[in-house]
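Since the structure of chain A is provided, determine the placement of chain B on it from the hints.
Protein chains: 2
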Amino acid sequence: METNKLFQYNTLGALMAGLYDGSLTVGELLEYGDLGLGTLDSIDGELIVLDGKAYQAKGSGDKPEVVEVSDDMKVPYAAVIHHEAEVIFKQRFEMTDQELQKRIESYYDGENLFRSIKIHGTFAKMHVRMIPRSTPDEKFAEVATHQPEYRAENITGTIVGIWTPEIFHGVSVAGYHLHFISDDHTFGGHVMDYVISEGQVEVGAVDQLDQRFPVQDRQYLFAKFNAKDIRGDIDKAE
Amino acid sequence: METNKLFQYNTLGALMAGLYDGSLTVGELLEYGDLGLGTLDSIDGELIVLDGKAYQAKGSGDKPEVVEVSDDMKVPYAAVIHHEAEVIFKQRFEMTDQELQKRIESYYDGENLFRSIKIHGTFAKMHVRMIPRSTPDEKFAEVATHQPEYRAENITGTIVGIWTPEIFHGVSVAGYHLHFISDDHTFGGHVMDYVISEGQVEVGAVDQLDQRFPVQDRQYLFAKFNAKDIRGDIDKAE
Numbered sequence: 001m002e003t004n005k006l007f008q009y010n011t012l013g014a015l016m017a018g019l020y021d022g023s024l025t026v027g028e029l030l031e032y033g034d035l036g037l038g039t040l041d042s043i044d045g046e047l048i049v050l051d052g053k054a055y056q057a058k059g060s061g062d063k064p065e066v067v068e069v070s071d072d073m074k075v076p077y078a079a080v081i082h083h084e085a086e087v088i089f090k091q092r093f094e095m096t097d098q099e100l101q102k103r104i105e106s107y108y109d110g111e112n113l114f115r116s117i118k119i120h121g122t123f124a125k126m127h128v129r130m131i132p133r134s135t136p137d138e139k140f141a142e143v144a145t146h147q148p149e150y151r152a153e154n155i156t157g158t159i160v161g162i163w164t165p166e167i168f169h170g171v172s173v174a175g176y177h178l179h180f181i182s183d184d185h186t187f188g189g190h191v192m193d194y195v196i197s198e199g200q201v202e203v204g205a206v207d208q209l210d211q212r213f214p215v216q217d218r219q220y221l222f223a224k225f226n227a228k229d230i231r232g233d234i235d236k237a238e
Numbered sequence: 239m240e241t242n243k244l245f246q247y248n249t250l251g252a253l254m255a256g257l258y259d260g261s262l263t264v265g266e267l268l269e270y271g272d273l274g275l276g277t278l279d280s281i282d283g284e285l286i287v288l289d290g291k292a293y294q295a296k297g298s299g300d301k302p303e304v305v306e307v308s309d310d311m312k313v314p315y316a317a318v319i320h321h322e323a324e325v326i327f328k329q330r331f332e333m334t335d336q337e338l339q340k341r342i343e344s345y346y347d348g349e350n351l352f353r354s355i356k357i358h359g360t361f362a363k364m365h366v367r368m369i370p371r372s373t374p375d376e377k378f379a380e381v382a383t384h385q386p387e388y389r390a391e392n393i394t395g396t397i398v399g400i401w402t403p404e405i406f407h408g409v410s411v412a413g414y415h416l417h418f419i420s421d422d423h424t425f426g427g428h429v430m431d432y433v434i435s436e437g438q439v440e441v442g443a444v445d446q447l448d449q450r451f452p453v454q455d456r457q458y459l460f461a462k463f464n465a466k467d468i469r470g471d472i473d474k475a476e
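First to last, the sequence lines map onto chains A and B. For the first sequence, the numbering used here begins at 1 and goes up steadily by one. For the second sequence, the numbering used here begins at 239 and goes up steadily by one.
One chain only, chain A, in its complex shape:
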């Protein structure tokens, strides 16, 4: 049976624990999916994978900077999928993120499978942030408290991301993990909240998680984690 496979490189928990060094190239990552998210080496901003291309959104003073990422750049953490919509619906009237996410969930067959999410539309409000480039001695939970945030109004673009079942919290973040990029590639980042004016929502089924590890990264191999602390940090930071 052909399965929809979510490829996850490393765990969000390891990233939170301070393992910011990239160890998989963007070129390799894109072999495993055309839609998804992650971050770059040294947690230098937000990675957005859309239609098989990878973009980086960084904070840069009073506006975000969005650039296409070359294949040789490396990621410490990413999740991508060859997205195939199982449910497609038009959103014809304004909704907050919470309302829309509730509507999206009404199409799920239960909450125990991963999902891929793609929402293209016009957003009355879009509020994003970017993790700033950091060194491993700066703890993620602390870095996360001083991230640049940006707001846009009446912006057209695409939200991409993953929905994760609760039992995988720590490995990924339970619930929604969404990144945004505008159609003109001038605005994007990690989605905090939004109001959609109208758009099209695609929810993709995920049958299988292909979980990889940085098996040749000594820092990863020998890092000491406390899973409970990490789950708490993810709750705070994501």
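Since the hints were derived computationally from the structure, they do not count as laboratory data. Note that beta-carbon positions come from the ideal geometry of N, C-alpha and C, so glycine has one too. Misleading hints may appear alongside valid ones.
If the Cβ cut is set under 10 Å, some of the chain B residues that face chain A in the computed set are [unchecked claim]:
#1 T249
#2 E332
#3 Y346
#4 L351
#5 G408
#6 A443
#7 V453
#8 F460
Only chain B this time, still in chain A's reference frame:
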């Protein structure tokens, strides 16, 4: 790159939550590995996969019953791998399980990768238990409190199993999950504790987790889990 892939069908968390119905055949399972463990439909005893064959250990009065499992039987949960030893060592003197496990861990390159475990030897003491066949209205954590237990002395056989990093607790059980089968196939089960007299220990690297879900099982899809409760139940039951 050729990777060592751990195949996990369903999550231990879902099993703990009462999803006891088998949905993958043993025949299919054995395509993904020659060593591993799990349980059978209706949590009817312990599944042991050794050298590409599947065995079931059940409690049966004053002794365990071990039978080979036919390919058409179904499992609700299992984890298997094409085991390849990365480290092999001889254990030449008596050790408790805790001592041996400490020795095993001294050969790990860190605690952040899964491992496959195979220990063939003679055991001065082997203490196992078997989960008894149950219906979903019987909660796993309760069933687990009245499992038949068996002890053997000076028994030769194989321990098979998986070591799981802490961040995957809930998806699997953090640390060791081990099952035992005697060479003569008359004794086996879920390993509680043991004393090894002498034997050979193999530790296999795992580069990748291939996590599958019972995507056509409505009970799984729509089950309501509380991940925190489940992690607590696993702590108690395993």
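Here is how each hint holds up against the structure:
Nearest Cβ of chain A to the Cβ of T249 of chain B: about 6 Å, under the 10 Å cut. The hint holds. For E332 of chain B, the shortest C-beta to C-beta distance to chain A is roughly 30 Å, which exceeds 10 Å, and the interface hint is violated. For Y346 of chain B, the interface hint holds, since its Cβ comes within 10 Å of a Cβ in chain A; the closest pair sits about 9 Å apart. A hinted interface residue such as L351 of chain B counts as satisfied when its beta carbon comes closer than 10 Å to some beta carbon of chain A; here the least separation is about 6 Å, so the hint holds.
Interface hint status for G408 of chain B: upheld, as the beta-carbon distance to the closest one in chain A is roughly 5 Å, under 10 Å. Here the hint on A443 of chain B is kept, as its CB sits about 8 Å from the closest CB of chain A, short of 10 Å. A least Cβ separation of about 5 Å between V453 of chain B and chain A falls short of the 10 Å threshold, and the interface hint therefore holds. Interface hint status for F460 of chain B: upheld, as the beta-carbon distance to the closest one in chain A is roughly 4 Å, under 10 Å.
The structure is inconsistent with hint 2 alone, although it conforms to all the rest.
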